[in-house]
Amino acid sequence: MAFLSVRDLKVHFPTVDGVVKATDGLSFELEKGRTLGIVGESGSGKSVSSSAILGLHRKTSAKVSGEILLDGTDLLTLSDEQMRRRRGKDVAMIFQDPLSAMHPYYSVGNQIAEAYRVHHDVSKRAAKARAVEMLDRVGIPQPDRRVDDYPHQFSGGMRQRAMIAMGLINNPSLLIADEPTTALDVTVQAQILDLLQDLQKEFESAVIIITHDLGVIAEMADEVLVMYAGRAVEYGSGNEILTHPEMPYTWGLLSSVPDVSGDTDARLIPIPGNPPSLLNPPSGCAFHPRCPHRDKVPGDLCFTTLPELAPGTRTETHLKRCHLTDPDAVYEREVLPEIAPDLVEESHS
Amino acid sequence: MYAYVVRRLFVGVIMLIAMSLVTFVLFFASPIDPARYACGKNCSPELREQTRNALGYDKPVIVQWTDFLKGIVQGRDYPDDPELRAAAPELVTHCPAPCFGYSVVNTKTVNEEIKEAFPVSLSISVAAVVLWLFFGVLLGVMAAIRRGTIVDRGIVAAALVLYAFPSFFIGLFLLKFIAIKWELVDVPVYTTIAEGGIGGWLSSLLLPAVTLAMLYMAGYVRMTRAFVLESMTEDYVRTARAKGLRQNKVLVKHTMRAALTPLVTLIGLDFAGLMGGAIITETVFNYNGLGKLAYDANTTNDLPTIIGLVLLLGTFVILANIIVDMLYAVIDPRVRVG
Chain A
0 MAFLSVRDLK VHFPTVDGVV KATDGLSFEL EKGRTLGIVG ESGSGKSVSS SAILGLHRKT
60 SAKVSGEILL DGTDLLTLSD EQMRRRRGKD VAMIFQDPLS AMHPYYSVGN QIAEAYRVHH
120 DVSKRAAKAR AVEMLDRVGI PQPDRRVDDY PHQFSGGMRQ RAMIAMGLIN NPSLLIADEP
180 TTALDVTVQA QILDLLQDLQ KEFESAVIII THDLGVIAEM ADEVLVMYAG RAVEYGSGNE
240 ILTHPEMPYT WGLLSSVPDV SGDTDARLIP IPGNPPSLLN PPSGCAFHPR CPHRDKVPGD
300 LCFTTLPELA PGTRTETHLK RCHLTDPDAV YEREVLPEIA PDLVEESHS
Chain B
0 MYAYVVRRLF VGVIMLIAMS LVTFVLFFAS PIDPARYACG KNCSPELREQ TRNALGYDKP
60 VIVQWTDFLK GIVQGRDYPD DPELRAAAPE LVTHCPAPCF GYSVVNTKTV NEEIKEAFPV
120 SLSISVAAVV LWLFFGVLLG VMAAIRRGTI VDRGIVAAAL VLYAFPSFFI GLFLLKFIAI
180 KWELVDVPVY TTIAEGGIGG WLSSLLLPAV TLAMLYMAGY VRMTRAFVLE SMTEDYVRTA
240 RAKGLRQNKV LVKHTMRAAL TPLVTLIGLD FAGLMGGAII TETVFNYNGL GKLAYDANTT
300 NDLPTIIGLV LLLGTFVILA NIIVDMLYAV IDPRVRVG
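Chains as they are written, first to last, in numbering that gives the first Met the number 0: chain A, 0 to 348; chain B, 0 to 337.
Just chain B, with the same shape it has in the complex:
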């Protein structure tokens, strides 16, 4: 088991390195010139070359990429150009290892950007996961038990309708009506636990989390229903009934346990994806999480931030996959090794 995890982590690191290279190459393959963008509207060709130099965009892509990797191991000093650093030592920013780069647009290291935005995305994700898991699985199981009845049809239909609404619609709807027009809750502004205590933190997460949860919940209702229905037809569920077990016990111990495996996969991957930022929801509520950071970085051609976020999200997905695979072994004795 231990060796297995180490092996998986090793492969994960190689994948991340490959991902960073692909992102570099794609970025420079695009027709947009990042130097021209950074230089602004009134830009002469000389000034543009100067900017390109200062940002280090004049070096070959592969050199920029190896510099980036070196920075992760050793740390880096910005700006890259030694002459510029010597000219204005008071403006030098030191970025200690592991350094993911320096965003000229935001005049911060990428590490700082992520450190600020990550708690916001993590909070929203955790709140949303708890909500959608609880309601999604509950409703899905209810629909499966009452298969074919009005309860089942109602739940499935409602899930389908919810699923069809895009998150910007649900988000804006909640913001406009629940918070602004009817004033049922305060207009959400992200509050850390340090600022507002647990209560303030939770209430600031309510609307964004509900927005996200609604979207995912719809899928989870249908998925849970399908998994439970499928495992209800298994021979071992019939065996459990033939023993004379109570219906609830058959459902919880035998049927649900089997439906757990595919659910765990979904949860792991969805949660990992969400931690990398919910772009639309964060933008609608103007929460400065990773999603909003990613959106802004893309509109301003902020390569260091983009790279940092791609690697962060990649790390989450890789870790989630490893954790999910380890959970399989916990759930299913057939997967256990050695």
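The shape of chain A in the complex, shown without the other chains:
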């Protein structure tokens, strides 16, 4: 069995207007030392799902069901106290905006050492020494001095490094990075991603990286899970999905990535419309109201029937949730010329 195995995960929030199905039947697997990229628009259920793995949802507001097997133990069957003991130790999380994710009133060192002392019975001095060590490891210059600084005295990139130090201080076997580079400069983004990759090799941890940035996915992810409206719509190896996507939503994501590498004629095409309401999701395939290819499916299947997450036409491990019978042909004929015209020309000549 895989190191992390999530099966049919559902996170539902009951509200006065009805049940918000933020995550509705999500399954995936992840081995140690591998990286899973979860990609999707805001509100597609990425963060909600990963918070569920960490057990961060309050039982009073969220109903979490399914299975989250970490090293054979179903985290959802643990008591609150058992889960608390694992949180930050076996599973750690790095959050999106390190300025708001760190407490403004406590020094960086205090907050990092705190994460260590929760799970290790050591003196404050020893924990601080450990914090300095971690700050050094993530590349903070003069860590023995900077450890007493407050978060507002750090630059954005340094804050995110400090967050990473905090997340990794207990050597977790699973690290969840929720949009770790979104709030950072482009140059700093690359450094942070490199650091995460180095540390992953060093600690042999499994990493889930949540992002809406396909560039991050291309750089980091061994496997990719594309989410839409709380469900996986495409799941497979990173290379497969970036080169041969089979689901119109993934095509849309690819088309909306700016290509700054060369003087191509590629156009930036946003996905029309807005992410659907999770309170009243569309019938059938949740993407059908925005899908430019729904007319290629005979009948009104897209409007009435939710497609299964099933292997497409390429490999058994490349799953897609779409009624299209020949997605690869449509992709090559209609989508690829739009997003990478030079690529198409090359293959024809």
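The set of hints was computed from the structure by calculation and includes no laboratory data. Hints should not be assumed to be uniformly reliable.
To be verified - With a cut-off of at most 30 Å between alpha-carbon atoms, the simulated DSSO-like pairs for lysine-lysine come out as follows:
#1 B:K58 / B:K114
#2 A:K58 / A:K9
#3 A:K123 / B:K58
#4 B:K58 / B:K69
#5 A:K123 / B:K252
#6 A:K88 / A:K31
#7 B:K40 / B:K107
#8 A:K200 / A:K88
#9 B:K69 / B:K107
#10 B:K58 / B:K107
#11 A:K58 / B:K252
#12 B:K248 / A:K58
#13 B:K248 / A:K88
#14 A:K20 / A:K295
#15 A:K62 / A:K88
#16 A:K123 / A:K88
#17 A:K88 / B:K252
#18 A:K88 / A:K20
#19 B:K40 / B:K69
#20 A:K62 / A:K20
#21 B:K114 / B:K69
#22 A:K62 / A:K123
#23 A:K62 / B:K248
#24 A:K62 / B:K252
Everything numeric in this text was worked out from a predicted model, so none of it was measured.
Start from chain A and add chain B according to the hints.
Okay, now just chain B, sitting in the frame of chain A:
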């Protein structure tokens, strides 16, 4: 930090001077003639002019005001008129600097009046602050933790009901039932520590302090609840939970610390306002504090006392603001300068 405090104090003094001028101008802008009031019912126009002279109300407002300021620096002798002083030297009252004036109504210097009344108001305020802070914050935090439950609703509803009762009602209710009818406590009479020891002092403060505390507590319950709930949604509280911290530790170290900043502001200003006297509560219990002094001074058009109290209250509010701002720097490292 040092320079900052000095600067703030300097600005505060200028504000106080401006406040005293405004109070003078407002007092004389009112249609009530203070000389006529002081002169009494059977007053002839000549007698009224004589009184006006004796009180110094015949001088232009600006001169009266500069005399007042001079008195603060140099001290003053009363009555103001040198002829009257020469005529009856045994009746002259010397008011040493800083002199805030002489109340003809109470035949005392304002300094003496304040010296007598201030300990009463300070005692009530301190007792009330301790009570309402303890219960208000405790109940507010409890309501926030149990948000949406019957505990939360009960606390919030009770706070709202309490808030709706005016303090004269609560004060009279406590006085009438707790002290007089059921005789659970003695009818409160203000006792100094010198007279009754710490125990006697505290028990004399019980009912007035409870009256005041109930009023403020209601606000503090709701405010604390809101602050704690707000900081519970902060990203850093989620980070603290993601570390695996125990719930209590998350609450005390991360959530409450953040909720402290707005609370400190409230406490500082409310306490400063209270020290200037709780008019209604002091009147209900007949405690001769600053509030009662202010009320009496207003009903008798006693300008020197009014000015003195306005400046005293202004000083408290200005000092409280400075102290609150300094506390910010203690609480929040982002505010620290240099």
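Going down the list of hints, with the structure as the test:
| no. | hint | verdict |
| --- | --- | --- |
| 1 | B:K58 / B:K114 | 29 Å, holds |
| 2 | A:K58 / A:K9 | 13 Å, holds |
| 3 | A:K123 / B:K58 | 71 Å, violated |
| 4 | B:K58 / B:K69 | 15 Å, holds |
| 5 | A:K123 / B:K252 | 16 Å, holds |
| 6 | A:K88 / A:K31 | 15 Å, holds |
| 7 | B:K40 / B:K107 | 23 Å, holds |
| 8 | A:K200 / A:K88 | 18 Å, holds |
| 9 | B:K69 / B:K107 | 19 Å, holds |
| 10 | B:K58 / B:K107 | 22 Å, holds |
| 11 | A:K58 / B:K252 | 22 Å, holds |
| 12 | B:K248 / A:K58 | 19 Å, holds |
| 13 | B:K248 / A:K88 | 17 Å, holds |
| 14 | A:K20 / A:K295 | 29 Å, holds |
| 15 | A:K62 / A:K88 | 24 Å, holds |
| 16 | A:K123 / A:K88 | 18 Å, holds |
| 17 | A:K88 / B:K252 | 20 Å, holds |
| 18 | A:K88 / A:K20 | 29 Å, holds |
| 19 | B:K40 / B:K69 | 33 Å, violated |
| 20 | A:K62 / A:K20 | 10 Å, holds |
| 21 | B:K114 / B:K69 | 21 Å, holds |
| 22 | A:K62 / A:K123 | 38 Å, violated |
| 23 | A:K62 / B:K248 | 25 Å, holds |
| 24 | A:K62 / B:K252 | 28 Å, holds |
When the structure is compared with the earlier hints, violations turn up for hints 3, 19 and 22 and for no others.
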